[in-house]
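Asker: These are the residues of each chain, in order.
2 protein chains.
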Amino acid sequence: MRALIVHPPTPSAHLVERPAPVLGSGEVRVRVLECGVCGTDHDIVEGQYGKPPEGSAELILGHENLGRVMESGPSVSGWAPGQLVVATVRRSCNACRFCRSGQSDFCETGRYTERGIFGRSGYMAEQYVEAPEYLVAVPEELRPVAVMLEPMSVAEKAIVEGQRALDRKEPTPGYPRTEPLRALVAGTGAIGILASLILRLRGYTVTAIDRHDASTPAGQLLQVMGVRHVNAAAGTSALGSDRFDLIVEATGAIALDFDLLGLLAINGVLVLTGIPNARAPPIPVAAGALLRQMVLANQAVVGSVNANRSYFEAGVRDFTEAYRRWPGLLERFVTRRRPLEEFVEVLGHREGGAIKNVLVVDASA
Amino acid sequence: MRALIVHPPTPSAHLVERPAPVLGSGEVRVRVLECGVCGTDHDIVEGQYGKPPEGSAELILGHENLGRVMESGPSVSGWAPGQLVVATVRRSCNACRFCRSGQSDFCETGRYTERGIFGRSGYMAEQYVEAPEYLVAVPEELRPVAVMLEPMSVAEKAIVEGQRALDRKEPTPGYPRTEPLRALVAGTGAIGILASLILRLRGYTVTAIDRHDASTPAGQLLQVMGVRHVNAAAGTSALGSDRFDLIVEATGAIALDFDLLGLLAINGVLVLTGIPNARAPPIPVAAGALLRQMVLANQAVVGSVNANRSYFEAGVRDFTEAYRRWPGLLERFVTRRRPLEEFVEVLGHREGGAIKNVLVVDASA
Chain S
1 MRALIVHPPT PSAHLVERPA PVLGSGEVRV RVLECGVCGT DHDIVEGQYG
51 KPPEGSAELI LGHENLGRVM ESGPSVSGWA PGQLVVATVR RSCNACRFCR
101 SGQSDFCETG RYTERGIFGR SGYMAEQYVE APEYLVAVPE ELRPVAVMLE
151 PMSVAEKAIV EGQRALDRKE PTPGYPRTEP LRALVAGTGA IGILASLILR
201 LRGYTVTAID RHDASTPAGQ LLQVMGVRHV NAAAGTSALG SDRFDLIVEA
251 TGAIALDFDL LGLLAINGVL VLTGIPNARA PPIPVAAGAL LRQMVLANQA
301 VVGSVNANRS YFEAGVRDFT EAYRRWPGLL ERFVTRRRPL EEFVEVLGHR
351 EGGAIKNVLV VDASA
Chain F
366 MRALIVHPPT PSAHLVERPA PVLGSGEVRV RVLECGVCGT DHDIVEGQYG
416 KPPEGSAELI LGHENLGRVM ESGPSVSGWA PGQLVVATVR RSCNACRFCR
466 SGQSDFCETG RYTERGIFGR SGYMAEQYVE APEYLVAVPE ELRPVAVMLE
516 PMSVAEKAIV EGQRALDRKE PTPGYPRTEP LRALVAGTGA IGILASLILR
566 LRGYTVTAID RHDASTPAGQ LLQVMGVRHV NAAAGTSALG SDRFDLIVEA
616 TGAIALDFDL LGLLAINGVL VLTGIPNARA PPIPVAAGAL LRQMVLANQA
666 VVGSVNANRS YFEAGVRDFT EAYRRWPGLL ERFVTRRRPL EEFVEVLGHR
716 EGGAIKNVLV VDASA
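In order, the protein sequences belong to chains S and F.
In terms of the working numbering, the first sequence opens at residue 1 and continues consecutively.
In terms of the working numbering, the second sequence opens at residue 366 and continues consecutively.
Read the hints as simulated data drawn from the structure, not as lab findings.
It cannot be assumed that every hint is accurate.
Here are the simulated SDA-like pairs of lysine to any residue, each with C-alpha atoms no more than 20 Å apart in a straight line [claimed, not checked]:
hint, chain 1, residue 1, chain 2, residue 2
1, F, K534, S, G110
2, F, K534, S, N94
3, S, K169, F, L531
4, F, K534, S, S310
5, F, K534, S, R309
6, F, K416, F, C403
7, S, K169, F, S675
8, S, K51, F, A662
9, F, K534, S, A95
10, F, K416, F, T375
11, S, K51, F, L661
12, S, K169, F, S466
13, F, K416, F, R456
14, S, K169, F, Q528
15, S, K51, S, C38
16, S, K169, S, N267
The structure presented is a predicted model; accordingly, all values stated were derived computationally and were not measured.
The shape of chain S in the complex, shown without the other chains:
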């Protein structure tokens, strides 16, 4: 089968022929339809991140995936050939209690693996095999957007984490919330757009900032969802005196994180999902006022990474609800689909203003 391989930490990407994986008795074989490309893929191709499986020098790239069931091993039942499926990314360390209870997104040994990223083959290949516990069935009507279920799961977890932090002071007996919560989403790539969608479904008022005017694909989708779009290319002062109960950061821009902290309302929560460069030089931070405000206003900052199966399932539910609420919208979430053969162009540069670029592995269905 064809497979897109990389050799971390060497900058690399090659389309090669490799044997199809052997199907284990308890596994399902999946034909890959398409894979999304995200910043982590770019980082790996550039040699900044990623790790091949133990004992190997090469890694099959790709973690955002969509496929159809081909066949099941003899001890697996219930997976009909042709069923649309998305596989989760992180795999258990087999040691800590989080991994053993299905929450490997909170793995506390750090010895997890991640398909297509860290120590385990990914999905940019014609086929993969996987145990059913890591496969999420997707309804056929979600076909156009289902390749974005993995980033959707990351957004779902981030928002649950933020809501938990907001809800730590609930309930207020006899005095429920009456005003909608005010959310700010920083960044309008895939995570930012998907977070905006989820927050709108949850009844938040939502403002989204990026460094573009409203004419981008993202700007147009935000408008349909009733999200206020603000071009913050000149800084967050464009938001004036607005303050927010929940801020979802999806850029990884270090200085912006501190600006966002200053935009929190009393009791507000900032959720960080963007992954900053660890080697960035120190920056000057007026930390006294920010930290003082965090204490005096009971504010919180929460980092959130990855997502376990339950968040993929939440993503299926929310995509389904969004299909009903905004007909025709989700079909526009994928900015561009290109055949796998054009991987050099798609992986070779980071495209500002795109929501999601997708490599099509099998265009037949």
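Here the structure of chain S is known, so what remains is to put chain F in place on it, guided by the hints.
Answerer: Relative to chain S, chain F alone:
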């Protein structure tokens, strides 16, 4: 009656005669025994903080308090003369749902008042009157330490906030926690010592850092409670590779906050209780690595301020349990008691190494 007044924002402190407050029909009159002195009191005396009641230029100082019931208004029952009581500090804004549901520590208008601090008379006077809903009855056996119930309530809330952030990933069905959680307490003033006490009662292993050797009063108390003490005067590198699930910061030192962030374990939570100087100059922060770690390891930072009545009640329970567990220990928490007349000396400088200095208003009982 004698009262210690200040004139914020003018640096000031005067012991004066003022009329005793008038008892309302729904109020209790309390004779003040003693008041603790904390950093906020120093800030107010130095003119950096505090606000007199509306329409007045003077504020009676003091928020850490202990007294005995003198008499009750005609519509109050159940408060026997002589009963030991501690009054809470913050008063409702009468508008937001948090204040209206007894959680004014989460007031979301910011228009709360605080006795002895912000817009409402404090307790450094011979008497005060208060509605019973703001009074917490204290068992007689807690007399020696009860003046520290207010800082205890602040530590109780901070730890609940930290535990809530830790517990956001619970439960792990079938896989309960088996190892004790590892806590680090930064600072061994009143909040740090009280937080250490609470964490030991909750079964955490506890390390406490300050800038002193173990010979201070704090160092000796920590030893009795089974807390490891580390002198971090030369920096947190004294902790080596140790990492912590919960860190309680109780210093307000800005650069230290970032050092502590780097000491969090995977899924760890840093609770900030110290109040930094808002006008401190910017400092260089190697934020890329810290923020990246927050995301990749699901870490959280939570600011916590003040405490509602429920945390004063938790403090009474924990002090009572600590009396049983460490006989003779709590009697040593107050470093020094001085008569109110010596306020100039006590309020005039911040004493490093002391846990709690107390001004005695009425030494008769």
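Asker: Against this structure, judge whether each hint is valid.
Answerer: Against the structure, the hints come out as follows:
This hinted pair checks out: F:K534 and S:G110 have alpha carbons roughly 16 Å apart, not beyond 20 Å. This hinted pair checks out: F:K534 and S:N94 have alpha carbons roughly 18 Å apart, not beyond 20 Å. A hinted pair counts as satisfied when its Cα atoms are at most 20 Å apart, and S:K169 with F:L531 qualifies at roughly 15 Å. The straight-line distance between the Cα atoms of F:K534 and S:S310 is roughly 13 Å, inside the 20 Å bound, and the hint therefore holds.
In summary, the hint linking F:K534 to S:R309 is supported, as the alpha carbons are separated by about 14 Å, within the 20 Å threshold. Note on F:K416 and F:C403: the hinted pairing holds, with a Cα-Cα distance of about 17 Å set against a maximum of 20 Å. Restraint check: the Cα-Cα separation between S:K169 and F:S675 comes to about 13 Å, which is no more than 20 Å; the hinted pair holds. Restraint check for S:K51 and F:A662: satisfied, since their Cα atoms lie roughly 18 Å apart, inside the 20 Å limit.
Pair hint F:K534 plus S:A95 holds up; C-alpha atoms about 17 Å apart against a cutoff of 20 Å. Distance hint between F:K416 and F:T375 is fulfilled; the C-alpha atoms sit about 10 Å from each other, no more than 20 Å. Restraint check for S:K51 and F:L661: the C-alpha separation of about 16 Å stays at or below 20 Å, so the hint holds. Taken as a hint, the S:K169 and F:S466 pair is honoured in the structure, with Cα atoms around 11 Å apart against an allowance of 20 Å.
The hinted pair formed by F:K416 and F:R456 meets the criterion: a straight-line CA distance of about 14 Å does not exceed 20 Å. Pair hint S:K169 plus F:Q528 holds up; C-alpha atoms about 13 Å apart against a cutoff of 20 Å. For the suggested pair S:K51 and S:C38, the alpha carbons sit about 17 Å apart, so the restraint of at most 20 Å is met. Of the pairs offered as hints, the one joining S:K169 and S:N267 holds, with about 9 Å between alpha carbons and a cut-off of 20 Å not exceeded.
Checked against the numbered hints above, the structure breaks none of them.
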